Amino acid sequence: MALLSEFAPSEAKTDSPRTLSTRVDRPDAVFRWVARSGGTIVVTVMTLVGLFLLIRGFEAIQVAGPNFITEQAWDPNSRIFGIAAVFMGTVFIALTAIFFAIPLSFGTALYISEYAPERIKPLLVTTVDLMAAIPSIVYGLWGFFFLSPIILPLSQWLATFIGPWFPPFSVSGFDPNDPLATLTVFSASTFIAGIVVALMVAPITSSIMREVFQQAPLGEREGALALGATKWGMITSVVIPFGRGGIIGGTMLGLGRSLGETIAVFLIISPVFVIQPLILEKGGNSISALIALRYNEASGFEISALMAAGLALFIVTLIVNFGASTIVARSRSGSIGD
Amino acid sequence: MTDVLSRTEPATHTPPDAPLTEPEAALTKTTWTRAGNEPEAAGPEARRSTATIRAVDIIRLIGSALAAVGFTSWLFFFALPLEGEIGFVLVSYGVFLLLFGILTAFDENRPTVHDRMASVVMHSLAFMLLLALFSVVIYTFGRGLEPLGFINFFTEDMSNAGPLDGLDRGGVLHAVVGTLIMITIALILTVPLGILTAIFLTEYPGPFARFVRTVVEAMTALPSIVAGLFVYAIIVQFGLTRSGFAAACAITVMMLPIVVRSADVVLRLVPSSLKEAARALGASTWRTVWTVTMPTARSGLTTAVILGTARGIGETSPVLLTAGATTFFNFNPFSGPMTSLPLTTFTFVKSPELNFIARGFGTAAVLMVVVVILFLAARAIGGRGPGQLSPRQQRRRTSASRDDDYRFRARELGVVRGAKSPGRAPPPESIPPSKEE
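From first to last, the protein sequence lines are chains A and B.
Just add 60 to the spot in the first sequence (first one is 1) and you have this note's numbering.
Just add 10 to the spot in the second sequence (first one is 1) and you have this note's numbering.
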């Protein structure tokens, strides 16, 4: 005991934690600084985007006040303007797009990850990714010249048979019993624009979903099959619960994309400045289409108003995208690493 | 019959001292009789089919498809006042699903019915999306073929082509030149900054890096019009004019997050054992990055840049706001308006003239060819994971390491000889290859 008490204090004194210092030499310090400044520049650019829009749009927001949110008309030169109509138009187009994009991209993702023969899987993945890289103007052309004429009878059919029970599908000024009714009331509608945007976002959404589906653990898949599950049983009990984060995140990323889509919407839609919840009816609008439409012949104050509208779009997409990337990141956590 | 005996032997093989109870005896008896009644169950065990496609499913599919088309034709042409191709397809698909479900339910239990129905639905959803996407590509090429047949489409600008001129006058070379200039400037800005940021994210993890990554991820889906509007705001703010450079800046804002994000993913895939090996050999951080991390991830980084380029080339709205449109050549990105392929497509198709619309489709086809080439190049380069080499790289790497081997052995031998005569090391040819080879 005496021996122990004699040794213990001295041990404690000598065995202090070692200081681990890394000496960073000059090239390394410079490199660290350069790399850090690269990151800082990127963040700065992204902050400047919001900042400049705020600076330029501040004048308009100040003049309009709360009316900026509630006013439907867009006439900045007589100081009567607001984003209610264009914002709701943006939302309607995005919702229509997501409504079509979810089943398409979900089905495609499941097909590629679960059903497709192994040999054609890489080809399918490449095709879908390539489609995500096709420029939006091409989708716009296709939608305007090819899809619109085809979709008109479908719009008429929906308005005739579903419209009476489901208000968004009704069309004012369309009488199903009028044999001379033309199809032009259905052209340039939110519905058509939404379908085209759906095709644009579906490849991205599907690609995210497929990545998550393919990460579903093999052991659990085989466990489900060994317990006698059918393939669909395995998918519903293993793949989909595992990929829920990817489904939600991919959908939200697709939503963010469809909120900001410009050229395809601009080409297809005929702009109106009222809240237009009848998606089959001619006319609709979106913030991005408004900007593309008006920026060229705008007065100084209208430019400011357009900047404010752009800021609103920027903030909304930012929120949606932040949410999406958080959800996707959480669903992937634990599966990354080397 | 011997086979039957041997197969059913375990059933008869009861211990002799245990008297058979009544049910057991009955069991043995029935086993015997059953085995005797079914000689065809005997013989070598047949291989079970593990194919996932069953003939009965195919028959059900074809049957219900035929029935659905027939029923819908009856509905459309005789029973109800319906019309339209899309309506026909939709209704017959619904009828087909219903019939297929009913047909399957005749023979199978509920989970199997669900499985078959889900399989059919997933197949058709994927088919539908792929069909729609292919139709986008094929339609654009189909309508773009006409102007592509004229050689002047690739060699002239539009300054000499009036609104009523035929397709034999005017071309889009000015747009090609504009696109090339813009994307070059954008790449000069994007590539160093993007890759540097990605390296920062992987090499210096911490709260700030996490913040940068979050911002970049949120910015990946930045609406392209907002990027254009941002540069337009700067132009207005400082009284500048629209130019090719402004458009390139807008494209940079669009491309930067895409490049950073995909480069970040690629850099994170570099095995940490390689980096640790470099550090263990005494390399500093930047030397590790320069000589280990970046060469290992080179193909992936190239892919990231090419994919960003493909996106940047195809963007219309940032260019629309910042470049202005021209019909003539402008080689100076810093003064005067410029145009790009997507923007020219856009201005063409806004015109009511049929020839202009045809030119618009032709330009879109050119643009799409460029994008597809870029994309396939990215796939060809980046199809391999980090560290996987192409055959040529592999050969080069092998010869380099053989050279190293020679050098090391030369030094070894030189040291041995140096004891006798401090001459220079012998040329590599004279050295025998190492025993491992």
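Simulated from the structure, these hints should not be mistaken for laboratory data.
Keep in mind the model is a prediction, meaning the values are calculated, not measured.
Glycine included, C-beta positions come from ideal geometry on N, C-alpha and C.
Misleading hints may appear alongside valid ones.
What the hints assert, rightly or not - If the Cβ cut is set under 10 Å, some of the chain B residues that face chain A in the computed set are:
1. 153
2. 375
3. 377
Here's how the hints hold up against the structure:
| no. | hint | in the structure |
| --- | --- | --- |
| 1 | 153 | 7 Å, holds |
| 2 | 375 | 9 Å, holds |
| 3 | 377 | 6 Å, holds |
When held up to the earlier numbered hints, the structure conflicts with none and fits them all.
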